[in-house]
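Chains as they are written, first to last, in our numbering: chain A, 1 to 302; chain B, 1 to 385.
Below, in silico cross-link-like pairs of lysine-lysine (DSS-like), each with a Cα-Cα straight-line distance of 25 Å or less:
| id | chain 1 | residue 1 | chain 2 | residue 2 |
| --- | --- | --- | --- | --- |
| 1 | B | Lys203 | A | Lys92 |
| 2 | A | Lys86 | B | Lys157 |
| 3 | B | Lys45 | A | Lys203 |
| 4 | B | Lys203 | A | Lys3 |
| 5 | A | Lys81 | B | Lys203 |
| 6 | A | Lys203 | A | Lys247 |
| 7 | B | Lys203 | A | Lys88 |
| 8 | A | Lys92 | A | Lys198 |
| 9 | B | Lys45 | A | Lys86 |
| 10 | A | Lys86 | B | Lys203 |
| 11 | B | Lys157 | A | Lys88 |
| 12 | B | Lys276 | B | Lys385 |
| 13 | A | Lys252 | A | Lys193 |
| 14 | B | Lys203 | A | Lys85 |
| 15 | A | Lys203 | B | Lys203 |
| 16 | B | Lys276 | B | Lys367 |
| 17 | A | Lys81 | B | Lys188 |
| 18 | A | Lys86 | B | Lys188 |
| 19 | B | Lys249 | B | Lys188 |
| 20 | A | Lys92 | B | Lys45 |
| 21 | A | Lys294 | A | Lys247 |
Just the calculated beta-carbon pair ranges, DEER-fashion:
| id | chain 1 | residue 1 | chain 2 | residue 2 | range |
| --- | --- | --- | --- | --- | --- |
| 22 | B | Asn233 | A | Gln138 | 41 to 49 Å |
| 23 | A | Met194 | B | Gly236 | 53 to 61 Å |
| 24 | A | Glu91 | B | Asp192 | 17 to 25 Å |
| 25 | B | Thr363 | A | Gln138 | 53 to 61 Å |
| 26 | B | Glu179 | A | Asn168 | 53 to 61 Å |
| 27 | A | Phe54 | B | Gly191 | 28 to 36 Å |
| 28 | A | Lys284 | B | Pro115 | 44 to 52 Å |
A short, non-exhaustive set of chain B residues, derived as facing chain A with CB atoms under 7 Å:
| id | residue |
| --- | --- |
| 29 | Asp24 |
| 30 | Ile55 |
| 31 | Ser62 |
| 32 | Ala66 |
| 33 | Val68 |
| 34 | Ala70 |
| 35 | Pro205 |
| 36 | Thr207 |
| 37 | Gly209 |
| 38 | Leu211 |
Keep in mind the hints are simulated off the structure, nothing from the lab. Ideal Cβ positions, reconstructed from N, Cα and C, are used throughout, including at glycine.
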Amino acid sequence: MNKELNRYLASGHSACAGCAYPAIVRTVLGEARSPVVIVNATGCLEVTSTLYPFTAWKSSYIHSAFENASATASGIESAQKILFKKGKIREKAKIVVFGGDGGTYDIGLQSLSGALERGHDFLYVCYDNGGYMNTGNQRSSATPFGAQTETTPIGKEQKIGKTQLRKNLMEIVNAHNIAYLAQANVAFLDDLKMKARKALEVKGPAFLNVFSPCTNNWKFPLSQYVNVAVLATETNFWPLYEIEKGKYKINKVISNRRPIEEFLKTQGRFKHLFAAENKKTLEKMQEMVDEEWKKLSANASV
Amino acid sequence: MTDKKIALTGAMAAAEALRQLDIDVFSVYPITPQTPIIEAFAKMKSEGNTAAEIIQVESEHSALSACVGASASGARTATATSSQGLALMNEILYIVSGLRLPILMVVSARALSAPINIHGDHSDVMGARDSGWIQIFSENSQEAYDNTLIGMKLAEKTSLPVMSIMDGFNTSHSVENLEILRDETVRKWVGDFTPENSLLNHKNPVTFGPLVLPNSYFEFKIDQEKTINEAVNEYGKIAKEFEQLSGRKKDCFEQYRMADAREAIVLSGSAAGTAKEAVDKLRASGKKAGLLKINLFRPFPRREVARALAKVPKIAVLDRSQSMGTFPPLYTEIVNSLFPVASYKSRVISYVYGLGGRDIFQTDMEKVFEELEKGKTENRIKYIK
Numbered sequence: 001m002n003k004e005l006n007r008y009l010a011s012g013h014s015a016c017a018g019c020a021y022p023a024i025v026r027t028v029l030g031e032a033r034s035p036v037v038i039v040n041a042t043g044c045l046e047v048t049s050t051l052y053p054f055t056a057w058k059s060s061y062i063h064s065a066f067e068n069a070s071a072t073a074s075g076i077e078s079a080q081k082i083l084f085k086k087g088k089i090r091e092k093a094k095i096v097v098f099g100g101d102g103g104t105y106d107i108g109l110q111s112l113s114g115a116l117e118r119g120h121d122f123l124y125v126c127y128d129n130g131g132y133m134n135t136g137n138q139r140s141s142a143t144p145f146g147a148q149t150e151t152t153p154i155g156k157e158q159k160i161g162k163t164q165l166r167k168n169l170m171e172i173v174n175a176h177n178i179a180y181l182a183q184a185n186v187a188f189l190d191d192l193k194m195k196a197r198k199a200l201e202v203k204g205p206a207f208l209n210v211f212s213p214c215t216n217n218w219k220f221p222l223s224q225y226v227n228v229a230v231l232a233t234e235t236n237f238w239p240l241y242e243i244e245k246g247k248y249k250i251n252k253v254i255s256n257r258r259p260i261e262e263f264l265k266t267q268g269r270f271k272h273l274f275a276a277e278n279k280k281t282l283e284k285m286q287e288m289v290d291e292e293w294k295k296l297s298a299n300a301s302v
Numbered sequence: 001m002t003d004k005k006i007a008l009t010g011a012m013a014a015a016e017a018l019r020q021l022d023i024d025v026f027s028v029y030p031i032t033p034q035t036p037i038i039e040a041f042a043k044m045k046s047e048g049n050t051a052a053e054i055i056q057v058e059s060e061h062s063a064l065s066a067c068v069g070a071s072a073s074g075a076r077t078a079t080a081t082s083s084q085g086l087a088l089m090n091e092i093l094y095i096v097s098g099l100r101l102p103i104l105m106v107v108s109a110r111a112l113s114a115p116i117n118i119h120g121d122h123s124d125v126m127g128a129r130d131s132g133w134i135q136i137f138s139e140n141s142q143e144a145y146d147n148t149l150i151g152m153k154l155a156e157k158t159s160l161p162v163m164s165i166m167d168g169f170n171t172s173h174s175v176e177n178l179e180i181l182r183d184e185t186v187r188k189w190v191g192d193f194t195p196e197n198s199l200l201n202h203k204n205p206v207t208f209g210p211l212v213l214p215n216s217y218f219e220f221k222i223d224q225e226k227t228i229n230e231a232v233n234e235y236g237k238i239a240k241e242f243e244q245l246s247g248r249k250k251d252c253f254e255q256y257r258m259a260d261a262r263e264a265i266v267l268s269g270s271a272a273g274t275a276k277e278a279v280d281k282l283r284a285s286g287k288k289a290g291l292l293k294i295n296l297f298r299p300f301p302r303r304e305v306a307r308a309l310a311k312v313p314k315i316a317v318l319d320r321s322q323s324m325g326t327f328p329p330l331y332t333e334i335v336n337s338l339f340p341v342a343s344y345k346s347r348v349i350s351y352v353y354g355l356g357g358r359d360i361f362q363t364d365m366e367k368v369f370e371e372l373e374k375g376k377t378e379n380r381i382k383y384i385k
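In isolation and in its complexed conformation, chain A is listed as follows (with noise of 0.2 Å):
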């Protein structure tokens, strides 16, 4: 393995052959310039790299719970610039979160947004698997319309799966006004590690919603996560985009968008919208994200 992406996540982790987050937590952390301290958020990640007595992070590394890595990150900032101030440490390490949709969305939203509000510098990275999946796939805000979980199972009196649409994540992080924020994806890594490299950069806190299919709850085999992934931006599900600044700008302009229906097909979560009786569903989720689209679009320079 390059030995630059496996810097602070060692290889011997027990995520899930087919996962996406060892992709993404090691392209992230390939791109910082100083010691960095990982905050986890209670989720798959970190069951996955921290089974004692062995720990997959080369980092320093803290855990403290489900719904506050961004005040654990507040702590440890503000006890960084008081040891710097009185001489106690010599460098600035550069505190990076993750957390999954749960522990960003839903549990983890107050957190965040007291961090964000406050100016830490730090970097929150949502790596967004769209439901609970460490607990078993339950449901989540983040959650896309339409997909079956165990939470929101397909019964003879629901035939759609989950019926509210997901939560706009980036727009409540954009409207902290915080300096940068992108929304990324684990199929195009050139593009996360450009966006990694800019929100290291900045002073202050920066946020990236990291698009990261799960094999066992979407499922899927093991082997196609990168091509599901691929597909949620060429359906124009999942656009690749930044907010510098204020400054919308969409990184991968789809210029044939695919139909939904391509992304869907090729999870077992999306099974049961291809019955004939859910084809108005999915000329709904279609218009859907066409809508979204022309919402982003309209904000955005290409």
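Given chain A's structure and the hints, the job is docking chain B onto it.
Same frame as chain A, but now just chain B:
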């Protein structure tokens, strides 16, 4: 050695202690009756009298979470809270003690909702009694000051978190005369904080908070309990040092006219002053009344308490909180401590007083002694209303 005598509220006294301790990080969220502590500290910062980083977070949950990050980074770390705030911190209390982080928390103890009530009692801190934090109660502003200093040193010596507890309003908002040590005396005594492991030591990176399975979790918890039990001794040593420094007697508990007592009240916190007045009055009329005031509630000094109470025939334990569905916390501790004493034949009666800021008067204390003397034992909780 003491350089000045001044009049301060308990809240101001605790803030002064935090300043003298030269804490690095103070992470806080406002709640009555803790607010005068954080306001006083913010003013010290704005005047340039402390270098501490104050993090003004968006909830108590985040206040303590930020303390976790700061303390794991090697910073001398403190917070302050009350009531709902402490309840909201509950999840993180266990994480702090499990990670063995020496965080100091000043608590201005207050009732819990519902119904909402902002006044003093011990429901909040008693709700945290099993969380692995050392808990020290204060009777007045002087003790709030002293115990905040002692608490920080004890935390750093034992790698355990400490609550320095004063009664909300009764102590936090009451102005009293107290003696303040010199800044240099405090700094020299408390020393420098450099933990064995820190997130900011990049030459020796460490993983805090790993996943631990059934094959080792149990051992972690046994070790933790062993450490907090041993902290009784460490508290004793530090209390002795502090006694020499300040000239003020410090111990796990205070025995007031207990030597030949036939009837005793056991309690903790600000009501001790009222109880002492009652004891003095009864003693003057020839009664053998005494008071045992618990200072160190966690770890509970059960052997020492049992020794002190073993020969007292009649004991009333006054709790300022409840344990819904059974006897209240301090009563349970006293009975549990006395139970293994073979010769123990005392009667121990449970009283609950002062909930939600209800005042307790000297006449109430006298009435308790009177009931003890009459010797009626009832297997129920009595309320001093």
